[in-house]
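Protein chains in written order, with my numbering: chain A, 451 to 753; chain B, 175 to 532; chain C, 266 to 543.
Per the computed footprint, the stretches of chain B lying under chain A, defined by three or more beta-carbons under 8 Å from a beta-carbon of chain A, are:
#, segment
1, 242 to 254
2, 257 to 271
3, 278 to 288
Calculated directly from the structure, the hints in this document are not laboratory data. Note that the Cβ used here is the ideal one computed from N, Cα and C, for glycine as well.
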Amino acid sequence: MTSHVEASPPRAEPASLRRRMAAAGWDRTTLLMVPAAVFVVLLFIYPFAYGLVLSFQPAKGGAFANYATFFSDPYLYDTIATTMRLGLPATVLNMLLALPIAFQVRHFRWQRVLTTILVIPITLGTVLVAQGLLTYLGPQGWLNRALIELGLTSTPVRLTHNYWGVFLALVITEFPFVFLLTLSYITGIDPALPQAAATLGAGPARQFRYVFLPLLIPGLAVAFCLAFVQAFSVFPSAILLGAPAGPTRVISIAAYQAAFEQYDYSMASAIAMIMGAVQLVVVVAVLGARTLFYRGPMGGGKG
Amino acid sequence: MARADGTFGEIRLERVSRGFDGVMALQDLDLTIRRGEFIALLGPSGCGKSTALNCIAGLLPLTGGSIWLDDRRIDELPPERRGFGMVFQNYALFPHMTVRRNIGFGLAMRGVPRSEAEARIDAAVRLVQLEAHGSKLPGQLSGGQQQRVAIARAIVVQPPLVLMDEPLSNLDARLRLDMRHEIRRIHNELGRSTVYVTHDQDEALSLADRVVVLRDGRVRQIGTPEDLYARPAVLDVARFMGYRNIFDGAVSGGDGDRVTVERDDLRIVGTPRAALGSGRAAVAIRPEDLVPGEDGAGAIPGVVESVEFVGREYAATALTSGGLLLHFRSHRRLNLDEPVHLRAAPERVLLFGAEENA
Amino acid sequence: MRRVESLPTKLWHSLIWLTIGFFLVNLFGLIAAVGVNSFATRWLGTWLPAGYTTRWYFAAWEEFQLSNVLLVTMEVVLAVVVLSLLLGVPAAYALARREFAGKRLVTLLFVLPLLVPPITYGIPLATVLYQLHLAGTMTGVILANLVPTVPFVILVMTPFIEQIDPRLEAAARVFGANTFRVFLHVLVPLLAPGMLAAGLLVLVRTVAMFELTFLTAGPSSQTLVVALYYSVFAAGVRAGQSVDAMAMIYMATTLVWLFIALRFVDPTQLVTRVKKTS
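Make a model of the complete structure from these sequences and hints.
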């Protein structure tokens with residue numbers, strides 16, 4: 451007589467695996483994200499890892515030869531300072547400009563028109579802005595003409611093929627980004643909060659200092675990090691609008707040259723790693739400082 | 175600005191108006207708030223009550239009229255110079271400050287010395303019974319606790335006037351009742367004039383010394399809760415005060431205090447609240463005032479349509495032969511389709527001009 | 266009836282408006298400079314050119330083989346849009362509808378390519394593609410450009426999908442629809458506007474994406490922006506006006522798509538890639 455009680459289902463193993471996966475939230479729907487995840491791993495994580503390993507396998511010398519070369523050759527390690535000299539002030543200036551401007555514009559009736567206009571430099575991209583500035587800021591360009599006409603200077607100001615050209619390009623392409631981010635943070639603050647402060651005796655300046663600023667700092671820190679990382683990666687502007695041989699020889703140029711002029715992929719990877727590391731250090735420092743401040747929700751209650 | 179002890183004679187609103195883009199959100203509000211009075215601004219949403227409150231606070235500029243604090247005109251001052259205390263609908267507690275810092279914010283803005291400020295914060299925290307929560311952030315408190323912090327913050331500055339914008343609307347029913355008592359208790363203890371905005375009729379009637387009923391930006395009636403309850407001046411207010419039975423009829427006789435109104439399905443005697451010009455009148459009767467009784471003259475015949483048990487009695491509806499649905503109360507459970515004869519005392523049947531029942 | 270502002274406040278506000286105005290003036294200035302120059306016969310030492318012509322556009326078209334370049338650009342951009350939607354939308358669906366072990370890690374994985382600037386990961390990526398003999402090919406360019414756009418689509422679509430009531434899908438199932446039909450009859454119609462928006466944003470960003478294409482393209486797989494760069498780079502040899510003509514063609518391309526995109530999306534969505542949660 452066959453028993454009709456099945457002590458255990460005939461296919462115990464696969465069933466329990468599926469159960470276990472379901473318990474962890476994995477089912478056929480979750481698997482939908484696998485192709486994208488695999489893609490990112492293959493084309494983002496893997497190259498990074500590959501590059502990291504490659505950087506320790508120079509053509510000649512020991513594992514750290516690339517890094518040693520980088521930090522002993524002024525032509526190479528100066529690029530960090532050069533890029534910092536460009537990226538940091540540009541980002542700081544953008545943040546300093548964006549905050550008061552976003553603050554003032556937040557109730558503006560034509561705000562959408564303004565943001566549309568400001569999105570244009572981002573859309574056009576760095577190459578076009580660089581080309582435009584070459585003409586506009588050149589010795590014969592309109593800006594110099596205007597300055598001479600207004601009597602502010604007697605000879606054209608040198609704004610292209612040097613530091614200033616690249617600096618201005620950075621400001622023009624970065625400012626809209628920082629501005630839009632800051633604006634979104636400001637509008638995310640419950641409007642009843644400054645009103646409450648007003649009824650308690652705080653004028654606009656004190657409302658800013660005691661209500662807006664503390665609530666904005668976490669967002670501003672994030673904005674700073676994103677903007678700085680972008681600025682530090684400046685590339686086409688530094689070549690087209692700057693002096694890539696010297697004053698605006700930024701670290702991305704060094705990496706590019708190593709890869710495509712010297713065909714030393716190991717060195718190029720090393721430089722890319724160093725570039726990433728510097729960005730990481732700054733970001734971690736800023737975000738670390740951010741933890742000292744309030745980071746919770748920006749509403750004023752359970753309303 | 176205010177007298178040194180933080181009290182004042184009165185606040186006067188004269189023809190206060192505010193319009194925007196051609197729409198008048200508030201029109202010709204005339205109100206005098208005496209010292210220590212608790213005034214409720216009552217009305218459905220969009221009636222202008224929040225607008226009025228924001229105008230008093232200075233958060234909205236007036237487009238007409240003026241506001242006076244005793245003999246000083248204040249409607250041109252920004253909110254930070256008016257010195258009123260305000261409790262916002264969603265509390266608007268500063269999320270990055272502790273309870274104590276929130277409460278003490280107004281004192282800090284006025285430069286009150288630290289030791290005095292701490293003492294006053296202590297007193298305020300005690301008053302709202304939040305002693306154990308002083309160092310917490312608003313995000314760590316429940317809705318009711320946040321609301322009490324908002325109240326403490328508004329009163330610690332000892333303002334001549336406290337403004338409250340529907341402070342209870344975000345709380346659940348039970349908590350709302352408790353907080354209602356709290357608010358009245360605090361008001362009695364501190365004696366500060368209060369203007370309280372709400373759309374809840376029960377709240378207004380139970381809390382206020384006087385109620386201002388608003389609709390579509392205009393004042394419909396100002397009076398004590400008893401006045402509004404028993405003697406609404408216009409049909410609007412009656413409707414808002416819970417006079418659920420409202421219907422038209424033809425005036426068929428009587429004069430002065432007692433007028434008879436007739437329809438195909440009923441005949442009733444009521445008290446006019448306004449001049450009945452056109453020969454037709456709108457009748458308003460509270461469900462509580464309409465009860466089943468004996469057949470005969472003055473009774474409205476109908477057939478029971480629904481019965482609901484509401485604790486002490488039954489809330490029922492009956493349909494008349496003319497298709498009118500009447501809400502009434504009964505002490506015993508009625509059967510569906512049972513015939514009833516509804517009666518109401520003439521002084522509890524209010525008559526208004528028929529044009530009001532548009 | 267506005268309350269009277271104090272004088273310092275008024276001065277401050279005016280200063281801000283002046284700064285905004287100055288920025289906008291210079292922005293238009295640089296764009297106009299390119300435009301005017303592209304139509305100029307000769308332009309030396311004067312406010313405006315000596316004369317106007319359109320010949321530079323034709324010259325640029327020939328010289329830079331713009332018909333080819335535009336074709337390549339279109340192919341690359343189209344492929345990137347379609348593929349990033351194909352990969353990104355299902356992933357966004359999974360992220361929106363499921364809580365699973367390791368979700369935070371996966372979310373981080375998808376956010377990273379948007380935080381790291383293209384040139385930083387572009388160089389290692391180009392190296393890998395070179396090893397795979399994909400460098401310099403259209404495939405390589407498409408793959409490289411997909412790296413930031415797949416996560417972008419995911420980030421844009423996930424909140425969009427979260428907004429769709431999951432009970433709609435449940436209702437469809439109760440009434441007999443299998444997954445495919447749920448997708449076809451419920452999800453795609455509701456997601457269409459979001460996908461359109463995401464697709465347009467990807468399009469605009471990819472047309473302007475310089476670094477990735479620059480590092481991975483060969484002479485026959487350059488997009489318009491890369492070709493523009495090379496022409497500027499070699500500008501000493503070529504007439505500046507024809508370079509500017511090409512720049513105008515590039516600008517027209519990007520701006521046309523920008524304004525189309527703006528009919529469907531808010532300008533801020535082009536930029537704010539990170540949700541301001543914590």
